Amino acid sequence: MIPIAPILIGIWISQRRSGGPSRVLWTWVLAMVLMTLASGTSGLVSAALWATTFVVACAWHCVRLAMWFGAPRIASALSWLADWTCGPDHRGSAALVAALTCHMHIHDRNHDRQQQRIAAAHKSLARIETMHATSALAAAIMAFVDGDADRGRALLRASTWFDARSLSSVGRRVRAEWWVTELLANGTFHDLVGVAPELTVGSPLSRFLVDASTAIALGEPPRSWKRIRLGWRFVRAAGLRRGGARAQLHDLYSRALHASRDTRPTTASEGAQRFVEEVEALQQTLEDKRSVWSMRAKALGVADTQATWSQLEAHVQHLVAAWARDRRVDAADVDASAVPVLAEHFDRAQQDLCDIVMPIVDAMKIRASGPRTGLPILDELGEFAVVAETIDALRKAGSSGAQTAHEAVHWPLCEWAVSLWNQQKQKPLANAAFRWLLDDAERVNNAHAIGTQHKNVKCGVG
Amino acid sequence: VRQIDNPFVVLGIPPTSTTIDVERAGKRLLAELELGVESATRVVRNDGTTLVRTVDDVRQAMHILKEPDARAVAEGMLDLPTLQEAPHRGLDLRALRSFQPRRDR
Numbered sequence: 008m009i010p011i012a013p014i015l016i017g018i019w020i021s022q023r024r025s026g027g028p029s030r031v032l033w034t035w036v037l038a039m040v041l042m043t044l045a046s047g048t049s050g051l052v053s054a055a056l057w058a059t060t061f062v063v064a065c066a067w068h069c070v071r072l073a074m075w076f077g078a079p080r081i082a083s084a085l086s087w088l089a090d091w092t093c094g095p096d097h098r099g100s101a102a103l104v105a106a107l108t109c110h111m112h113i114h115d116r117n118h119d120r121q122q123q124r125i126a127a128a129h130k131s132l133a134r135i136e137t138m139h140a141t142s143a144l145a146a147a148i149m150a151f152v153d154g155d156a157d158r159g160r161a162l163l164r165a166s167t168w169f170d171a172r173s174l175s176s177v178g179r180r181v182r183a184e185w186w187v188t189e190l191l192a193n194g195t196f197h198d199l200v201g202v203a204p205e206l207t208v209g210s211p212l213s214r215f216l217v218d219a220s221t222a223i224a225l226g227e228p229p230r231s232w233k234r235i236r237l238g239w240r241f242v243r244a245a246g247l248r249r250g251g252a253r254a255q256l257h258d259l260y261s262r263a264l265h266a267s268r269d270t271r272p273t274t275a276s277e278g279a280q281r282f283v284e285e286v287e288a289l290q291q292t293l294e295d296k297r298s299v300w301s302m303r304a305k306a307l308g309v310a311d312t313q314a315t316w317s318q319l320e321a322h323v324q325h326l327v328a329a330w331a332r333d334r335r336v337d338a339a340d341v342d343a344s345a346v347p348v349l350a351e352h353f354d355r356a357q358q359d360l361c362d363i364v365m366p367i368v369d370a371m372k373i374r375a376s377g378p379r380t381g382l383p384i385l386d387e388l389g390e391f392a393v394v395a396e397t398i399d400a401l402r403k404a405g406s407s408g409a410q411t412a413h414e415a416v417h418w419p420l421c422e423w424a425v426s427l428w429n430q431q432k433q434k435p436l437a438n439a440a441f442r443w444l445l446d447d448a449e450r451v452n453n454a455h456a457i458g459t460q461h462k463n464v465k466c467g468v469g
Numbered sequence: 516v517r518q519i520d521n522p523f524v525v526l527g528i529p530p531t532s533t534t535i536d537v538e539r540a541g542k543r544l545l546a547e548l549e550l551g552v553e554s555a556t557r558v559v560r561n562d563g564t565t566l567v568r569t570v571d572d573v574r575q576a577m578h579i580l581k582e583p584d585a586r587a588v589a590e591g592m593l594d595l596p597t598l599q600e601a602p603h604r605g606l607d608l609r610a611l612r613s614f615q616p617r618r619d620r
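Taken in order, these protein sequences are the chains called E and W.
So the number in the numbering used here is just where the residue sits in the first sequence, counting from 1, plus 7.
So the number in the numbering used here is just where the residue sits in the second sequence, counting from 1, plus 515.
Since the hints were made in silico from the structure, they are not lab data.
Some clues are possibly wrong.
When the alpha-carbon atoms are kept at most 25 Å apart in a straight line, the in silico DSS-like pairs for lysine-lysine are as follows [unchecked claim]:
| # | chain 1 | residue 1 | chain 2 | residue 2 |
| --- | --- | --- | --- | --- |
| 1 | E | K372 | E | K434 |
| 2 | E | K403 | E | K432 |
| 3 | E | K296 | W | K581 |
| 4 | W | K581 | E | K233 |
| 5 | E | K465 | E | K372 |
Some chain W residues close to chain E (C-beta under 8 Å, calculated; not the full set) [as the list claims (entries may be wrong)]:
| # | residue |
| --- | --- |
| 6 | V558 |
| 7 | E590 |
| 8 | M592 |
| 9 | L593 |
| 10 | L608 |
| 11 | L611 |
With beta-carbon atoms standing in for the labels, derived distance ranges [unchecked claim]:
| # | chain 1 | residue 1 | chain 2 | residue 2 | range |
| --- | --- | --- | --- | --- | --- |
| 12 | E | S261 | W | G527 | 56 to 64 Å |
| 13 | W | P529 | E | W75 | 37 to 45 Å |
| 14 | W | R609 | E | S276 | 48 to 56 Å |
Bear in mind the structure is a predicted one, so any value in this text is a computation, not a measurement.
Even for Gly, the Cβ is constructed at its ideal location relative to N, Cα and C.
Bound conformation, chain E alone (with noise of 0.2 Å):
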């Protein structure tokens, strides 16, 4: 007898879902129909149609196992079954568990079996057609187990970019911890005021994170009914961890709760403004030390005083230098042109930024122009993200440095984009790269630029 009722339930479940049947529905049914065939047999058929009805029924459960077991393969054949947490995207949602799967098992001893996985997750990313949101959080997720953090953090910022909506559960999820905590990580607590909603969605910890971080930040405790969702949240994303993990969540719990204007952290620019006074202040020394200096060095046997002074001067700039990457200095918060050796400093970092990206540029501008030379598309992914991680830096490297790299990429990159979409039918992918360029131009305000890419945008992914 076929269970009707269950496979009413789950075509209602299906319709609500995606607004149609879909391969939950499919799953649904299969799983109920071999539930069915099991119930009738016995012996070792009936416990193979019961271990197969699990299977389909369990799909993403039996995905999370065979990810504990460390078998990348297996858990991306299986992630095709658990549509509910791995669709729409499957080839996307492949690549993302045995890329997940390299990653629970980096620290394995084993050199050659970690070696095998991170082949087969290489080969699941080599698979992908169209590079969809999940499709990049899995390169992003290969170049962090690759150990190339600065790559995967590119990645996982161009992930940003892509249209949510094909974006799977499980990668809403992964993609929302992963993009918090890395900002948390690498910056401040203000980095995470003004997080987008839409990046936290799927995922507890995240929108704990950002609730909990802002209050911090802002030096204000939530109040009325924030509280009250910040406790849930709290709650949600403590869930059932112990020890060490619950400590951190509850602490940083307790600061939002107790958050108050005397203990907030200092803003980027505050930090700035007291790095412009310390450097004012080394060079003040500097300049104080120059009489004595010359005649000790004199005294030591220098030849040409003058030249010494400058080698010196080099080095001072160097310290400048490493000391405005250490404290993650934005051009755009302090006044450079009154400390020269900072200016000079900001001056050289956007010339560097500047020699990293235009070739880049050129070659996109190239392969836009010709007919379908495209790279394969997890490269073209990389350079897209490449040259927004860049013009970032560049924004930050000056106040100049967001119309330079607004006049510079702009257009050959909105060329390329289009070139994507018309001639390697790379939508999803083309869409992101206009959402980015839709920013860039609303933040030198360029009118012309803002309207072409708001039409871009409304092009949809397809």
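Fit chain W to the supplied structure of chain E, relying on the hints for placement.
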């Protein structure tokens, strides 16, 4: 030359030291490092943190202090002000993410 890598800091001698003092301090440290004396491998920086000293560091410091130009630069860099305490950074909560690496097996 960063202040922490300043040859005077590496050799643990004042800027008034003569060439003979430099040579003597360097040779003593090299001998101690060869013998694996624990105290010779550590240098306390001006900010209170500790730098691990190697044989190469000592040799390089001795070489720099023999050159008048390089020594003048090192002396000039020695008592420059350092950065105050770094502003508060975020937190590393990456271990709380889902699908975290399992322990070594």
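* Enumerate the violated hints, using their earlier numbering and listing them in ascending order. => 2, 4, 6, 9, 12, 13, 14
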